[in-house]
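Could you build the full structure based on these sequences and the hints that come with them?
Protein chains in written order, with numbering that gives the first Met the number 0: chain A, 0 to 164; chain B, 0 to 345; chain C, 0 to 187; chain D, 0 to 378.
Just so you know, the hints here were simulated from the structure itself, not pulled from any lab data. What you were told as hints is all true, and nothing was included just to trick you.
Output of the computed footprint for chain A on chain B, the stretches with three or more beta carbons under 8 Å from beta carbons of chain A:
hint : stretch
1    : 72-85
2    : 109-117
3    : 148-158
Derived lysine-lysine pairs resembling DSS-like cross-links, with alpha carbons at most 27 Å apart:
hint : chain 1 : residue 1 : chain 2 : residue 2
4    : A       : K161      : D       : K44
5    : A       : K22       : B       : K141
6    : D       : K184      : D       : K196
7    : C       : K170      : D       : K305
8    : C       : K131      : D       : K258
9    : C       : K170      : D       : K58
10   : D       : K43       : B       : K141
11   : C       : K131      : D       : K43
12   : B       : K141      : D       : K44
Ideal Cβ positions, reconstructed from N, Cα and C, are used throughout, including at glycine.
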Amino acid sequence: MDLYFWVFASMSVLAGLFTIAAKDALPSAMGLLTVFISLASLYLHLHAPLIAIFQVAIYAGAILILVVFVIMLLMAPGERLAAIQANVSYRGSGALLGMCLIGLVLVGTKGVSDIVSMKALPEGFGNPSMFGDLFFRDFLLHFEVVSVLLLVALIGGIYLCKKKL
Amino acid sequence: MDDWLIAIIKVVGIWVWVLLIAVVMTWVERRGAALIQDRPGPNRAGPFGLFQPLADGIKLFTKEEIIPTNAQKLLYIMGPLLFSLPAFSAYAVVPFGDKIILGGKEIILQVSDVNVGFLYILAIGSMGVYGVILGGWGSNNKYSILGGLRSTAQMVSYEVPLGLALLGIVFVYGTFSLRDISLAQQGTFLGFLPNWGIFKQPLGFILFIVAAYAEANRVPFDLPEAESEIVSGYHTEYGSMRLGLYLFGEYVNLVTISGIIVALYFGSWHMPYIDLGAYLGPISWGIVSFCIFFLKVSFFLWMFVWVRWTLPRFRYDQVMGLGWRGLIPLALFNIFITALFIQLTV
Amino acid sequence: MDLKKRVEQCLGPDNLVVSMIECQGDLSVEVPKRSVVDVMRLLRDTPDLGFNFLSDLFGVDNLDLNKPKKKPTKKTEEGAETEEEPEEKGPFPPRYEVVYLLLCLERNERLQVKVRVEESDMEVDTLTPVWKAANWPEREVFDMFGIRFKGHPNLKRLLMWDDFPAHPLRKDYPLEGQGEERHLIYDD
Amino acid sequence: MNQNPTPQTGHDTGDYVTVNIGPSHPAMHGTLRVVALTDGESLKKVDPEIGYLHRGVEKLGESLTYHQFIPITDRLNYCSAIPNNVSYEMAVEKLMGVEVPEKAQLIRVIMMELARIADHQVCIGILGVDLGAFTPFFYLIIQREEIYEIFEWFNGARLTNTFGRIGGVDADLPDDFEQRWEELKPNVRKANDETEKLLTHNRIWMDRTIGVSAFSAEDALNWGFTGPCLRACGVKRDLRIDEPYCMYDKFKFEVPVGKNGDVFDRYIVRMIEMEESLKIIDQAYKLYKEMPADAPLMARVPKVIKPPAGEVYSALESPNGELGFFVKSDGSAKPYRIRIRPPCFMIYQAFPELVEGELIADLVACLSSLNVIAGELDR
Chain A
0 MDLYFWVFAS
10 MSVLAGLFTI
20 AAKDALPSAM
30 GLLTVFISLA
40 SLYLHLHAPL
50 IAIFQVAIYA
60 GAILILVVFV
70 IMLLMAPGER
80 LAAIQANVSY
90 RGSGALLGMC
100 LIGLVLVGTK
110 GVSDIVSMKA
120 LPEGFGNPSM
130 FGDLFFRDFL
140 LHFEVVSVLL
150 LVALIGGIYL
160 CKKKL
Chain B
0 MDDWLIAIIK
10 VVGIWVWVLL
20 IAVVMTWVER
30 RGAALIQDRP
40 GPNRAGPFGL
50 FQPLADGIKL
60 FTKEEIIPTN
70 AQKLLYIMGP
80 LLFSLPAFSA
90 YAVVPFGDKI
100 ILGGKEIILQ
110 VSDVNVGFLY
120 ILAIGSMGVY
130 GVILGGWGSN
140 NKYSILGGLR
150 STAQMVSYEV
160 PLGLALLGIV
170 FVYGTFSLRD
180 ISLAQQGTFL
190 GFLPNWGIFK
200 QPLGFILFIV
210 AAYAEANRVP
220 FDLPEAESEI
230 VSGYHTEYGS
240 MRLGLYLFGE
250 YVNLVTISGI
260 IVALYFGSWH
270 MPYIDLGAYL
280 GPISWGIVSF
290 CIFFLKVSFF
300 LWMFVWVRWT
310 LPRFRYDQVM
320 GLGWRGLIPL
330 ALFNIFITAL
340 FIQLTV
Chain C
0 MDLKKRVEQC
10 LGPDNLVVSM
20 IECQGDLSVE
30 VPKRSVVDVM
40 RLLRDTPDLG
50 FNFLSDLFGV
60 DNLDLNKPKK
70 KPTKKTEEGA
80 ETEEEPEEKG
90 PFPPRYEVVY
100 LLLCLERNER
110 LQVKVRVEES
120 DMEVDTLTPV
130 WKAANWPERE
140 VFDMFGIRFK
150 GHPNLKRLLM
160 WDDFPAHPLR
170 KDYPLEGQGE
180 ERHLIYDD
Chain D
0 MNQNPTPQTG
10 HDTGDYVTVN
20 IGPSHPAMHG
30 TLRVVALTDG
40 ESLKKVDPEI
50 GYLHRGVEKL
60 GESLTYHQFI
70 PITDRLNYCS
80 AIPNNVSYEM
90 AVEKLMGVEV
100 PEKAQLIRVI
110 MMELARIADH
120 QVCIGILGVD
130 LGAFTPFFYL
140 IIQREEIYEI
150 FEWFNGARLT
160 NTFGRIGGVD
170 ADLPDDFEQR
180 WEELKPNVRK
190 ANDETEKLLT
200 HNRIWMDRTI
210 GVSAFSAEDA
220 LNWGFTGPCL
230 RACGVKRDLR
240 IDEPYCMYDK
250 FKFEVPVGKN
260 GDVFDRYIVR
270 MIEMEESLKI
280 IDQAYKLYKE
290 MPADAPLMAR
300 VPKVIKPPAG
310 EVYSALESPN
320 GELGFFVKSD
330 GSAKPYRIRI
340 RPPCFMIYQA
350 FPELVEGELI
360 ADLVACLSSL
370 NVIAGELDR
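Here it is, written out as C-alpha cells:
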C-alpha cells in the first residue's frame, strides 16, 4: 500500500472533479491548480523531480495564470458558469468524451503494464543533465521539430488576434 | 533517525529565522524610511521602537476579521494563504551557510540541496501570484481586480527575464544546485576578481535584480498595490491577520530574494580574497559562514528599503514595455554572449 | 483710446448697449439678453478690444435691491431705473443678472458684461461655443439660481446633488435652508 | 430622494468598466470624485463630480459683515489661506476706494509669497506621493512646517490665518523676522535642491510626467486656465506683472514659462516659482526695512465697514492662479453678493479633456499637478 501515491492520486481525482463541477470560474481554475500540484507530487514520487518542477513552473505557474488572466478579463466577479453548465448538449458531449478518454487510458494502462516491469532506475535518472542529453543529443531533431511547430502556432495566434498587422 | 532530527531542526530553525528577519524587516522598513525622510519614525515601543513589529502583530491578530458581504468567501479566505505559503516554502533550497560538523556528522547549512533548486525557486515563485489573484478577485472590488490584473500581467512578464537571467548563471557554473554554485564562488579569477557571480554575469545580475524587484512587487514596480491609483490594489478589502499575511509574505519574499542574490551573485558565504574556512574550526566556520551570509543578505534587504523610498513608481504600460522590450532582449543577449564565451574558452 | 469709448464704438451701432457704468475703475456694460452670444463674439473678435479670455461667469439675485422701500439706496446702482429702459419692461427691473467677466490678455483690460434675466423667462443662451470655460460656471448658475442656459451640453446641477429641490443662492432662500434635510431619505 | 448623484456614465457595460475614484480615495485630495469609464487601464470617459465640500461660502458671505467674512476665506484654499484673505481684502478696499499703506502692502507681499512657497511645496510633495515618490514629500513638508511656524508666530494660526484687516494689516512684523527668515531661506533652498535631485532628472519621473496630459496654449486659454497650469502651457501671464498690485511692480523676478503644458512642465514651473518667491521676499523685506518704524499699517477705515453701493472685481495671483473676488454692495454693513473666482474651478472643468484616453495612473498624476483644492473648488 503506497500511501503517498494514494493520497495524491485521490487528491488529483477529487480536484479534477471539482474543476468540472465548480459553479464559478476561478474556483474551477483553483481546482485545476490542485490537480497540477498533486500530479507534480506524483512525479516527485516517481523520481522525476525535473518533470515535477516543470509541471509546477509551466503548467501551474504560466499556463494556468494566463487562463486565470483571461477569466479575469472576460468575466465579472459575480458571474457564474451555471448557464454554460446547464447546457445539456455540452454535458452530453462532455460525458461522451470523458468515457472515450477513460477507455483510452484503460487500454493504454494495460498496454504499458504488459511491456513494462519493475526495474531499477538508471543512475542519475531525472537529472537535468540527463534531460539535456536526451533533448539535445539523442532526440535533437524531434525537439527542434516540435519547437518549430510551436513557433508556427505562435505566429498563427498572433495573426489571428491582431486586427491590423 | 538522526537525519530526520537534523532535517526537522533545519526546517524549523530556518523557518523561524526567516520569519524573525521578516519581522525585523517591518521595523527596518519604517525606521529606514524615517531615516531617509528626515523624521523620527516609530520610536515609542521599546528601545528605538524595536517592539513596534510586536505591537503591530498584536494589533493585526486582535482586530476583527471582516469578510465583505459580496466577497466570494472561499477565494477571499484562500488568497492570503496562497500568497504566504509559497513565500514561506521558497527558502527551502537557498543555503544559509557552508556546513557544520557536529559529532563527526557533516551537516550542510541548507534545508535541501536538490539538484533542481533553481527551478524550484522559479516554480514556487510563480505560485505566489495566485494569492494575489484570488485576493483581488474574491474581494469583489474593482480596485482589487485592477490590482490582481496588474499583478498577473507583471508577474508573468517578469518571470521570463528572471529565468533567462538565471540561465546565465547556470551556464557559468554548470549546475542547478544553489550549494554547488555557492561552493564554486570561492577564490579569484583573472588574478584579482573574486570568483563571484556578479563579476562573471554583471548584466545578468542587473537583469535579475530588476526582475526580482518586479516579482516582489516592490517600488518602483509596486503597481499591484499602488496606493495613490488603486487604493491598495489586491488587498484593499483585507484587514486583520489576513492583511498581515499578505504584508508578512511580502517581507519573507524579500528575504528569499536577497538570499538568492547573495547565493548566486555575491559569493554566498565566501569572503573575497580570503578563505576563512581554512583557518577556522568546523563548528566556528559554520557559524561564521552563517553570519557572513546574513550580513550580505541584510545589505540587500536594506537596498529594498533604500530603493523604495527613493524612486517613483512606473506606470503599467511602462512596466510591460520595460519587461518585454527591455529586459527580455537584454537577457537573450546576455545568454548569447555567455554561451559564446563559454564555447570559446572551454 | 478709453475702453469705454471703444466698447461703445464696437457695440453701439447695433444698439447692443443697454447701459454702461463704471465703479472704482471697473467698467460694466449691460447688454440685451437675446444677443449675448453675439456681443461676446464681437468683444472677442474686434481687434482693438480683443477680450479673449473668459475670467468668470456668475449670477446675482437683485431681489432685495428691487424692493421699493430700498429705492433710495440704489441710485448709484446700475441705474437701471433712471437710464434707458431695458426692453423687458416690468414693474421692477428684472430680478436676476448674469455677469460675465472678460479679460483682454494683451492689454490687461477687464470688462464686466451683464445681462438681466426676468423671472418669467429664465433662459439665457449658452456661452460654451465661444469659451469652453463657460461650462461649469453656467452649470453653477443654473444650480444656484435656476437660470437655464439654452444649448448647454450638460446642464446639470454642479454643487448641490441632483435631487436638491431649491436654488440656494436666491435671496428668498433662507441661510439655514428650507428644511430639506427633513425630507431626505437617507437609506438606500 | 436620492442622496447620491447617479454616475453619469452608467453601469458596467460589456467592454468597459465604471471605476468610481473618490470621493474618499487616497489620491483624490479632499473630496473629489471622478467617475471613470475604463477599458482595462485606459480611461474612455471621465466625469468629475464636485460639490462634496460645498459649504455655501458665497451664501454665508451675504449674512456676515465685511470683516466677519475674512475667516471664511481662510477655508477656501486651506493650503495657502493668506492670498485668499488678501484677495478679499483687496476687493473690499477697492470697493471703498481705500489706499493701503505701503508698509502693510509689503507685509502682505512677504506673507503671500511665503504662502505661495508653502502651497507649491504641498503641491509638488503630493505630486511625488501620487507618483510613488514618498521621500520628497517629507523634505518639502518639513520646510512648509517651518513656514507655518512663521505664520503661527505672526497670526496665531497655522492654516487658517485670518491674515490682515480691510485697509491694511493688524500687526507689524515682529523684530526677529529677519533672523527667522535667514534661517528658513537656505533650508527651503536645500529642500528644493534635494527634491530636484530626487525627481527632476529621474528617468522614471520623466517617463511618468513628460507628455502626460499635455495641453496647448489655445486650449488652456479657452478653458480659462490661469496660474502655473497656464504658464506651463507657454503663456506668460502672471497677474503680479500684468496687473500689479501690492507694489509687485517694484520687485524684479522672473515668470517661468513651460512649453508643453504637461505634468512635468507644471512641476518645473512650480519649482522655479518657489525660487522666485524667495527672491521677492528678500526684496520686499529690504524695502520694508527702509520704511520708518512708525509708518502706518492701516488705512483710515471706519470701524463698521459700509462701502458705497457698487460692485467691483479684484483679482490677484494666488499660488494656483487668478483668485478673484467680486463684491457687490448695497450700501449696508453686509455684502450683497460675494462671488469667488477660484482658480482651480476653471482648471478642473477641463479635467476630462486632459486625461481621457490616458491611463488611470496618469489621471492621478494630472490631478495632483493641477493642484485642485476641494475647498475653493466647491466653496
